[in-house]
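*Asks:* Here the protein sequences come in this chain order: A and B.
What the first sequence shows, in my numbering, is residues 1 to 232, in sequence order.
What the second sequence shows, in my numbering, is residues 233 to 576, in sequence order.
Bear in mind the hints are in silico, worked out from the structure with no lab data behind them.
Since the model is a prediction, treat every value here as computed from it, not as a measurement.
A virtual CB, placed ideally from N, CA and C, is assigned to each residue, including glycine.
Hints are supplied without guarantee of correctness; some may be wrong.
What the hints assert, rightly or not - Using 25 Å as the maximum straight-line C-alpha spacing, the simulated SDA-like pairs for lysine to any residue come out as follows: (1) A:Lys123 - B:Tyr260; (2) A:Lys123 - B:Glu414; (3) A:Lys194 - B:Glu289; (4) A:Lys123 - B:Arg294; (5) A:Lys223 - B:Asp293; (6) A:Lys123 - B:Met286; (7) A:Lys123 - B:His300; (8) A:Lys123 - B:Tyr254; (9) B:Lys395 - A:Thr170; (10) B:Lys421 - A:Asp140; (11) A:Lys123 - B:Ala257; (12) B:Lys395 - A:Val141; (13) A:Lys223 - B:Leu287; (14) A:Lys223 - B:Asn281; (15) A:Lys194 - B:Asp293; (16) A:Lys223 - B:Asn263; (17) B:Lys329 - A:Leu19; (18) A:Lys223 - B:Asp283; (19) A:Lys123 - B:Met408; (20) A:Lys123 - B:Pro255; (21) A:Lys194 - B:Glu296; (22) A:Lys194 - B:Gly291; (23) A:Lys123 - B:Ala262; (24) B:Lys452 - A:Asn119; (25) A:Lys123 - B:Phe308.
Claimed, not checked - These stretches of chain A come out as covered by chain B in the derived footprint (C-beta under 8 Å, 3 or more residues): (26) 112–126; (27) 129–143; (28) 146–153; (29) 156–162; (30) 169–180.
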Amino acid sequence: MKLITVAGPPSSGKTSVILKTIAALGLPPGSVGVVKFDSLTSFDHQRYDEQQIPNQTAFAGKICPDHHFVSNVEGAVEWGMKKGLSVLVTESAGLCNRCSPYVNGILSVCVIDNLSGINTPRKIGPMLKYADIVVVTKGDVVSQAEREVFAFNIREVNASATVLFVNGITGQGAFMLARHWQDTLDIQTLRDRKLRFTMPAAICSYCTGETLIGEMYQLGMVKRMEFDDESP
Amino acid sequence: MKALDYVAEVSSVPIGDILRRYPLAVDYLANIRLVGVDETKTLPEILENVDEDMLEEFGLDREEVIFHFSAFLEAFSRMEESIETISSITILGGRDKTGRPEMLELTVTPGEVVSIVGPTGSGKSRLLEDIECLAQRDTPTARQILINGSVPDLDKRFATGGKLVAQLSQNMNFVMDLTVQEFLEMHAKSRMIPDSAAVVEKCFAVANSLAGEKFALDTKVTQLSGGQSRSLMIADTALLSSSPIILIDELENAGIDRREAIEILVGNEKIVLMSTHDPLLALRADKRIVIKNGGVANVIETTAEEEQTLHKIEAIDSALLTIRNQLRRGEIVTEESIPEFQER
Numbered sequence: 001m002k003l004i005t006v007a008g009p010p011s012s013g014k015t016s017v018i019l020k021t022i023a024a025l026g027l028p029p030g031s032v033g034v035v036k037f038d039s040l041t042s043f044d045h046q047r048y049d050e051q052q053i054p055n056q057t058a059f060a061g062k063i064c065p066d067h068h069f070v071s072n073v074e075g076a077v078e079w080g081m082k083k084g085l086s087v088l089v090t091e092s093a094g095l096c097n098r099c100s101p102y103v104n105g106i107l108s109v110c111v112i113d114n115l116s117g118i119n120t121p122r123k124i125g126p127m128l129k130y131a132d133i134v135v136v137t138k139g140d141v142v143s144q145a146e147r148e149v150f151a152f153n154i155r156e157v158n159a160s161a162t163v164l165f166v167n168g169i170t171g172q173g174a175f176m177l178a179r180h181w182q183d184t185l186d187i188q189t190l191r192d193r194k195l196r197f198t199m200p201a202a203i204c205s206y207c208t209g210e211t212l213i214g215e216m217y218q219l220g221m222v223k224r225m226e227f228d229d230e231s232p
Numbered sequence: 233m234k235a236l237d238y239v240a241e242v243s244s245v246p247i248g249d250i251l252r253r254y255p256l257a258v259d260y261l262a263n264i265r266l267v268g269v270d271e272t273k274t275l276p277e278i279l280e281n282v283d284e285d286m287l288e289e290f291g292l293d294r295e296e297v298i299f300h301f302s303a304f305l306e307a308f309s310r311m312e313e314s315i316e317t318i319s320s321i322t323i324l325g326g327r328d329k330t331g332r333p334e335m336l337e338l339t340v341t342p343g344e345v346v347s348i349v350g351p352t353g354s355g356k357s358r359l360l361e362d363i364e365c366l367a368q369r370d371t372p373t374a375r376q377i378l379i380n381g382s383v384p385d386l387d388k389r390f391a392t393g394g395k396l397v398a399q400l401s402q403n404m405n406f407v408m409d410l411t412v413q414e415f416l417e418m419h420a421k422s423r424m425i426p427d428s429a430a431v432v433e434k435c436f437a438v439a440n441s442l443a444g445e446k447f448a449l450d451t452k453v454t455q456l457s458g459g460q461s462r463s464l465m466i467a468d469t470a471l472l473s474s475s476p477i478i479l480i481d482e483l484e485n486a487g488i489d490r491r492e493a494i495e496i497l498v499g500n501e502k503i504v505l506m507s508t509h510d511p512l513l514a515l516r517a518d519k520r521i522v523i524k525n526g527g528v529a530n531v532i533e534t535t536a537e538e539e540q541t542l543h544k545i546e547a548i549d550s551a552l553l554t555i556r557n558q559l560r561r562g563e564i565v566t567e568e569s570i571p572e573f574q575e576r
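Let's have the full structure, built from the sequences with the hints guiding it.
*Replies:* Have a look at this one:
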């Protein structure tokens, strides 16, 4: 089974890109599945159901979404193997910009949209920096120059990634992404593979349910901000 | 220069000199929050005083920063050379939606304009997409695209990453909150053009010559009218885009000189493919591809008679333009505004 990890900010077009790419793969119905990792709610399962794509959704709830992903992705692979899938896609939303759900040796795809601001590629961090492929969506509504500058800003952060433009509505560009998916490694399990980047550090008192504000309530890993303390 | 040569350079040359040699380096440093550094020191010396925890947030340690930075410099020096010259593209027929083979072998060279006509949903976008992804009989249409007369190698196909084809459509808008000047400078920077000021100036002049109403360098791009935006996009695509092929999806009649627009694109040695039903544009093309039912049904060379009719169509068009300008100036439209047309 081939495993593809797809991550990206909310509403960047991950689900649309995945649906179009699955269609472009042209594999028999039921042989490509999706596991969606989200924080609180998700409506994407309806779209996968419509296309009769086997899918599962996992909600992080009160757990850090990144930690939740890494502790369940192996189970996702087991589910895919049991279902006899030839391709399994994990879709992660709700990750903080500090994080990336990518695993060494597993094709990693970051989806960002062209409308999100020209400096966004510089702000996303490891999710973009450690991706093998960066998919840019919504390019059909901005100028050629903005597409080129956006792609340039991506290369400044991740010079080795392949940048692809995919139209999530018409599917234009999904064909090339499908070609990359076809060329990726077959795996049986994820056990003992390594994350490309460390997960955020825990644990502070707020991780364990503290809600009161004030230094006296803060325990564990705390990073204190330094303010300019000159008086006017 | 290899990445290791950059490592040697970065390790021994003060960062101020590095920043002057490679202007993009400043972006790299800013991306890992290294700003306002002592320019007389080398990068390793600067890193000595940087908190390791801060670097770790970016997934780097001191040594990795140097390698990563060198790889960055190396990647961008390669990018400067990688844009190849395209002397022709050839479209070899596949099949239409019913499986009927297309009788097609069409070669287009820079400076040529080909229009694409056909009803909505007939497969115009599919053809444009086949060109964009350099189809090799592996897309639903089974078409094949050749570059300079031969099959492009797979690496190139993957590496071009959308750089081969620039697109211009009437749905496109500017979304950056920048002035025209900042916008053009930003694009020039991303192309790593050495004399960007001259190109920016030229681009601005060309855009203004296309637009019915003039705009200034300090106008925000988001405040431009439809015609002004389109003019700026055309001038920018012609002069600042690296892509040798331009796909145009309908150029609306929004107060821009469409004839001149096409001439500017062609004059900059671009291959222009244009999906349009505007007679003035379609008939000005050297050839037009007729699409029906997902396939190319015909390729028509613009006939001498059609070129003759072009003069009349231009007269009609310029009459309309005159009336439009009268309206814009707040004048009254009279019978005299409308020229007599020859009775048939």
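*Asks:* Each hint needs a verdict: does it hold in this structure or not?
*Replies:* Right, here's what the structure says about each hint:
A C-alpha spacing of about 12 Å is found between Lys123 (chain A) and Tyr260 (chain B), which places the hinted pair at or below 25 Å, so the restraint holds. Between Lys123 (chain A) and Glu414 (chain B) the alpha-carbon distance is near 21 Å, which keeps this suggested pair within the 25 Å criterion. Distance restraint check for Lys194 (chain A) and Glu289 (chain B): the Cα-Cα separation of roughly 18 Å lies within the 25 Å cut-off, and the hinted pair is therefore satisfied. This hinted pair checks out: Lys123 (chain A) and Arg294 (chain B) have alpha carbons roughly 21 Å apart, not beyond 25 Å.
For the suggested pair Lys223 (chain A) and Asp293 (chain B), the alpha carbons sit about 19 Å apart, so the restraint of at most 25 Å is met. Between the alpha carbons of Lys123 (chain A) and Met286 (chain B) the distance comes to roughly 15 Å, so the proposed pair stays at or under 25 Å and holds. Between Lys123 (chain A) and His300 (chain B) the CA atoms are separated by roughly 18 Å; this keeps the pair inside 25 Å, and the hint holds. Between Lys123 (chain A) and Tyr254 (chain B) the CA atoms are separated by roughly 22 Å; this keeps the pair inside 25 Å, and the hint holds.
As the CA atoms of Lys395 (chain B) and Thr170 (chain A) are separated by approximately 20 Å, the hinted pair is consistent with the 25 Å bound. Distance restraint check for Lys421 (chain B) and Asp140 (chain A): the Cα-Cα separation of roughly 22 Å lies within the 25 Å cut-off, and the hinted pair is therefore satisfied. This hinted pair checks out: Lys123 (chain A) and Ala257 (chain B) have alpha carbons roughly 17 Å apart, not beyond 25 Å. Straight-line distance between C-alpha atoms of Lys395 (chain B) and Val141 (chain A) comes to about 17 Å, which keeps the hinted pair within the 25 Å bound.
Restraint check for Lys223 (chain A) and Leu287 (chain B): satisfied, since their Cα atoms lie roughly 15 Å apart, inside the 25 Å limit. Under the criterion of a C-alpha separation no larger than 25 Å, the hint pairing Lys223 (chain A) with Asn281 (chain B) is consistent with the structure, at around 19 Å. For the given pair, Lys194 (chain A) sits about 18 Å from Asp293 (chain B) by alpha-carbon distance, which is consistent with the 25 Å threshold. A threshold of 25 Å between alpha carbons decides the hint, and for Lys223 (chain A) with Asn263 (chain B) the separation of about 21 Å falls inside it, so the pair holds.
A threshold of 25 Å between alpha carbons decides the hint, and for Lys329 (chain B) with Leu19 (chain A) the separation of about 22 Å falls inside it, so the pair holds. With a C-alpha separation of about 13 Å, the suggested pairing of Lys223 (chain A) with Asp283 (chain B) holds against the 25 Å cut-off. Only pairs whose Cα atoms come within 25 Å are accepted, and Lys123 (chain A) paired with Met408 (chain B) is accepted, the gap being roughly 16 Å. Restraint check for Lys123 (chain A) and Pro255 (chain B): the C-alpha separation of about 20 Å stays at or below 25 Å, so the hint holds.
Our distance criterion of 25 Å between C-alpha atoms is met by Lys194 (chain A) and Glu296 (chain B), whose separation comes to about 19 Å. Distance hint between Lys194 (chain A) and Gly291 (chain B) is fulfilled; the C-alpha atoms sit about 14 Å from each other, no more than 25 Å. Annotation: proposed proximity of Lys123 (chain A) to Ala262 (chain B) holds, straight-line Cα distance about 11 Å (limit 25 Å). Taking the CA atoms of Lys452 (chain B) and Asn119 (chain A), the gap is near 18 Å; set against the 25 Å cutoff, the hint holds.
For a cut-off of 25 Å, the pair hint linking Lys123 (chain A) to Phe308 (chain B) stands: about 20 Å separates their Cα positions. Only residues whose beta carbon comes within less than 8 Å of a beta carbon in chain B count, and the stretch 112–126 of chain A has 6; three or more means the coverage holds. For a cut-off of 8 Å, the count of residues in the stretch 129–143 of chain A with a CB near a CB of chain B stands at 6, and the three-residue condition holds. Closer than 8 Å: that is the beta-carbon criterion, and the stretch 146–153 of chain A has 7 residues meeting it against chain B, so the requirement of 3 holds.
Three residues within the 8 Å Cβ limit are the bar, and the stretch 156–162 of chain A against chain B gives 5, so the coverage statement holds. Residue count for the stretch 169–180 of chain A with a Cβ under 8 Å from a Cβ of chain B: 7. That meets the three needed, and the coverage hint holds.
In terms of the numbered hints stated before, the structure departs from none.
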